[in-house]
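There are 6 protein chains.
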Amino acid sequence: MAKRDSKNAAGKGARKTLPCTGAAAADDTVITALDLPAQKLSPEMAAYFAKCEEKLGFVPNVLKAYAFDTAKLAAFVAMYNDLMLAPSGLSKLEREMIAVAVSAHNRCYYCLVAHGAAVRTLSGDPPLGELMAMNYRAARLSARQRAMLDFAVKLTAEPWRIEDEDRAALRRAGFSDRDIWDIAAVAGFFNMSNRVASATDMRPNSVYHAQAR
Amino acid sequence: MAKRDSKNAAGKGARKTLPCTGAAAADDTVITALDLPAQKLSPEMAAYFAKCEEKLGFVPNVLKAYAFDTAKLAAFVAMYNDLMLAPSGLSKLEREMIAVAVSAHNRCYYCLVAHGAAVRTLSGDPPLGELMAMNYRAARLSARQRAMLDFAVKLTAEPWRIEDEDRAALRRAGFSDRDIWDIAAVAGFFNMSNRVASATDMRPNSVYHAQAR
Amino acid sequence: MAKRDSKNAAGKGARKTLPCTGAAAADDTVITALDLPAQKLSPEMAAYFAKCEEKLGFVPNVLKAYAFDTAKLAAFVAMYNDLMLAPSGLSKLEREMIAVAVSAHNRCYYCLVAHGAAVRTLSGDPPLGELMAMNYRAARLSARQRAMLDFAVKLTAEPWRIEDEDRAALRRAGFSDRDIWDIAAVAGFFNMSNRVASATDMRPNSVYHAQAR
Amino acid sequence: MAKRDSKNAAGKGARKTLPCTGAAAADDTVITALDLPAQKLSPEMAAYFAKCEEKLGFVPNVLKAYAFDTAKLAAFVAMYNDLMLAPSGLSKLEREMIAVAVSAHNRCYYCLVAHGAAVRTLSGDPPLGELMAMNYRAARLSARQRAMLDFAVKLTAEPWRIEDEDRAALRRAGFSDRDIWDIAAVAGFFNMSNRVASATDMRPNSVYHAQAR
Amino acid sequence: MAKRDSKNAAGKGARKTLPCTGAAAADDTVITALDLPAQKLSPEMAAYFAKCEEKLGFVPNVLKAYAFDTAKLAAFVAMYNDLMLAPSGLSKLEREMIAVAVSAHNRCYYCLVAHGAAVRTLSGDPPLGELMAMNYRAARLSARQRAMLDFAVKLTAEPWRIEDEDRAALRRAGFSDRDIWDIAAVAGFFNMSNRVASATDMRPNSVYHAQAR
Amino acid sequence: MAKRDSKNAAGKGARKTLPCTGAAAADDTVITALDLPAQKLSPEMAAYFAKCEEKLGFVPNVLKAYAFDTAKLAAFVAMYNDLMLAPSGLSKLEREMIAVAVSAHNRCYYCLVAHGAAVRTLSGDPPLGELMAMNYRAARLSARQRAMLDFAVKLTAEPWRIEDEDRAALRRAGFSDRDIWDIAAVAGFFNMSNRVASATDMRPNSVYHAQAR
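Just so you know, the sequences run in chain order A, B, C, D, E and F. Just so it is clear: in the first sequence, position 69 is 109 by the numbering used here, and no numbers are missing. Just so it is clear: in the second sequence, position 131 is 171 by the numbering used here, and no numbers are missing. Just so it is clear: in the third sequence, position 122 is 162 by the numbering used here, and no numbers are missing. Just so it is clear: in the fourth sequence, position 137 is 177 by the numbering used here, and no numbers are missing. Just so it is clear: in the fifth sequence, position 43 is 83 by the numbering used here, and no numbers are missing. Just so it is clear: in the sixth sequence, position 175 is 215 by the numbering used here, and no numbers are missing.
It cannot be assumed that every hint is accurate.
Unchecked claim - Restricting the straight-line Cα-Cα distance to at most 20 Å, the calculated cross-link-like pairs of lysine to aspartate or glutamate (EDC-like) are: (1) B:K132 x B:E198; (2) B:K194 x B:E94; (3) A:K194 x E:D219; (4) F:K194 x B:E198.
As the list claims (entries may be wrong) - Here are a few chain F residues that face chain E, going by a calculated C-beta distance under 8 Å: (5) A114; (6) A126; (7) P127; (8) G129; (9) V153; (10) S163.
FYI, nobody ran anything at the bench for these hints, they're computed from the structure. Cβ coordinates follow ideal geometry from the N, Cα and C atoms, glycine included.
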């Protein structure tokens, strides 16, 4: 939908935001650099967008970007919600910390803005969001969280170097094999999303910038 | 399922393979380094596995690796099939070429073996699979395919450097905005899958090695 | 002064800040990982600290970190003020943009927090600060500012590759030889400061986090 | 000889190969991107080529590429045969494993194809050749072979970082000082050959692709 | 001053040098690639230049390069002299060794020539200067000096990876917290100077080349 | 021979050198970190060593390092002499410039010292040797020599990225196909030698340091 149909899509959320000028002026209306008009949403996806509006006050731009093809949107939403919201040995905050540390390695503007806000909100600790986005090594983390992020960032930077010793380090930090899967799957997912966002110059909703500062 | 239940899962496909010794001896039975016993598959996923057996003669190990959680398996299958098999301006072979060139950058054993076989099979040109896995720059490609792979590999290596000029190069090579999305989405997907595979030491079905040589 | 004397030094500024908990809880009291007690400031430096308190409401932690040695503090302040505040063909905002883009390459927590706040404040454009800290290539910049940051970041990443053509690109973007010096000098200065900050685990004043959001 | 004279040179080997179409169609006739017609071979080199035909069924293209200058060809053959075939504490398979792991780091199409085939043939273990070419870290190797390849690949990637501790690790794995020389010399040789091949776009004989699969 | 006024500035030193032809022919007259005519020096800076002439026989070109602006020159001289000449737990030779090892990582021609000469002169050991410029890891250093250079070069290459363990290694090697500051500050300073020199194509006085060989 | 037999081998050359203390004190007696006693030289190699003594005043340590095995020594000498001394479109100085620029990328102490001296001697231009060893991009080179070194260093750093356009750039600079081979072969050879030297901690004869300064 990107360029065409953004007035509608951005509608309700925009009301809650201060008027945005400057660097992000158009970010709520021109969502990507590709001209892919939104398809009519399936009933499920329309309901999901409505739920976003209700709970967040806006539809995240990544969803609008996928809205040119309902099948792709549905697949993305299903995978995202399973990874980030379904039961896991990792807390939702921990999964968002992985998202931001991975996105920092990949210098992905969209994901750093959107998921940095999530870390600030879920943690109630605004500097933690900054630390994840700037250099997670400078954060005062528990040994568990440090091991988790070291694995996720090594997996991002040099996946070919992950070996048994890396998995053993996670186990020593208290993670189960299922937890290791989840760390890998979340890190992997953002390695995908970072690249879709960078490839399309995806812009984050401007409302994120001031959240939970 | 990985370690426990592999006898069943690998069953039918194994019959078609020569007995495998040496480097890959256990690859058909111990699929990942994580101990995640297979869940009972949902009827949809059971049907999908049956279809793999019927069409391929085996269930790809990546599916068995995900079988510890039906929701994750279903989300993976939905996204994979949409990206690799649904209608697109990119041919199935082109999508597999992206898969292998990305996996070569990430040096992912599982994906290079499985998708290298796919390039050989779909192209009927065994050396093309080797070229994608070894150095796509050495292949004699059309300008279109070269531009496609240059974008996919740059997006893999340095996603933060993708800019308007990179998208313009794709458009000059004849790609539509929808094609650009698909190139990005396939490249992104294998940046995810490569990392899940490397994080878990996923092993490719040994049957792939001799396919279409 | 770092560990010992921080109660005094952080005093006045702290009043303007919300109580900080979480990731940055101690950042206003334990400024570096080195135990270097503050020396008695020279009258000039004492006056300078008083001026910081008056104008900013706090003394930036980098100054407190240097306060263990008045000569080093004075040399740092003299160079900093000349580079960032003296007349130049570069605006103060442009110099801060260089500071942040360089610090982003070097992933320096202190400088990203402190100078990210400066970009937000000087520009009145909060997302611009985020863009400089996350990926300056994603910002919508003038050709002049883009050329300036491309030079500064290349000089940071691969100084050995700067050649006549790089200087020519700056001249084509309208910069004078004196401007080129200033771009180089500011980029160079933050390559120094980033390393002093990272070497000592310097922590930014917590007050920066919420400024100009 | 490259472009001109390939019909003769490729002669006998070609009979044993299926007609090659697609990616490697011309690889047996246009061996490099340089136009360097073959010189008349010295009697020693002519005999050596004849021996290749007899034993392998073809003359490896690298030899044909050097045939424009008999002195260069003879020097190359002398060094190659000493390193790869003369008595050594390293088995011939181990030397080929080093060749492929080094060539994988350097992404050299010629050497990966030719020496990958050698690993498959000497080991009787086709996946071992793939593992060396794709990511040797994913192979199930003995501690000895892993130490050998770790040294060879570090020496390839960052020769300036090799120090006493690296040699000590080889000694702990059971290697003598002479073995260490041989590991270094083989790794060094392929760092040379990879570059001559890449610089000239050298193409591997198509017969290699299907060998020992 | 660079291009214009070099006859004067280079004057006295030039008498002591052999006529320089070849690669460095113009290095004593065209000091940088920027056209920044020298300002009239302040009395303090004029006295400092005179002292250089008296003690060294020439004014180092870096000072002439800064002479277009007395304030910048004075700030540079103040910081340089404090770091390299003021009392410190690091000897002057050790500080010069850091200067050269950092400049080697950054491949800075000016600093390698000028400070390589300083290492040769201060140590009375010409090969030590070469080792610092070529690969400090190949030098036979004390554990203390090796730890010092490892920290300085890691801080240069990957400042974001410096953590408590790196500081602990320095403490184990006998360095105080003040020494750690000094190592960081000298390494930081040359990361600045290397970049100013590379950005401006600064040329070293030709007299350095033959010093203390 | 390395450790054992160095007194003899270093004999004559040592007379011309000042006594060496400090960093390189033992470099003329302990040539590598491996204990590989010299074999009795073949008559040809003995004659070659004698010729070195006569013409250079010493036997280069690399030859002594290879002397543990006459076949390896002879193969090395044959290839070296063909590449560096036989007729070529590249002058001997140009071949030495490639040797040093490649060795600078690989930070090889042995080769930088030995071949840096060769560049100084052959060119009669001492700073040219320094420029090749420090950053060839800072040298004032002809377009021909710059193109030659750009190719050689790219081939060293990223051989997988060499393509037709790189060869075309050499042709535009006036190089023939045979010249391109020679550039590649010399660059390749030093990529081998750098690694053998680094793997064995090979030390350069101390006499090189003061040559042609």
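Status of the hints after comparison with the structure:
1. B:K132 x B:E198: Violated, because 25 Å separates the two Cα atoms, which is more than 20 Å.
2. B:K194 x B:E94: Distance of about 37 Å is beyond 20 Å: violated.
3. A:K194 x E:D219: violated (32 Å)
4. F:K194 x B:E198: Since the Cα atoms of K194 (chain F) and E198 (chain B) sit roughly 19 Å apart, the hinted pair holds (cutoff 20 Å).
5. A114: Hint violated; A114 (chain F) Cβ to chain E Cβ min 28 Å, cut 8 Å.
6. A126: Status violated, d = 26 Å.
7. P127: Nearest chain E Cβ about 26 Å off; hint violated.
8. G129: At about 23 Å, which exceeds the 8 Å cut-off, the nearest Cβ of chain E leaves the hint on G129 (chain F) violated.
9. V153: holds (6 Å)
10. S163: Since the shortest Cβ distance to chain E is 7 Å, the answer is holds.
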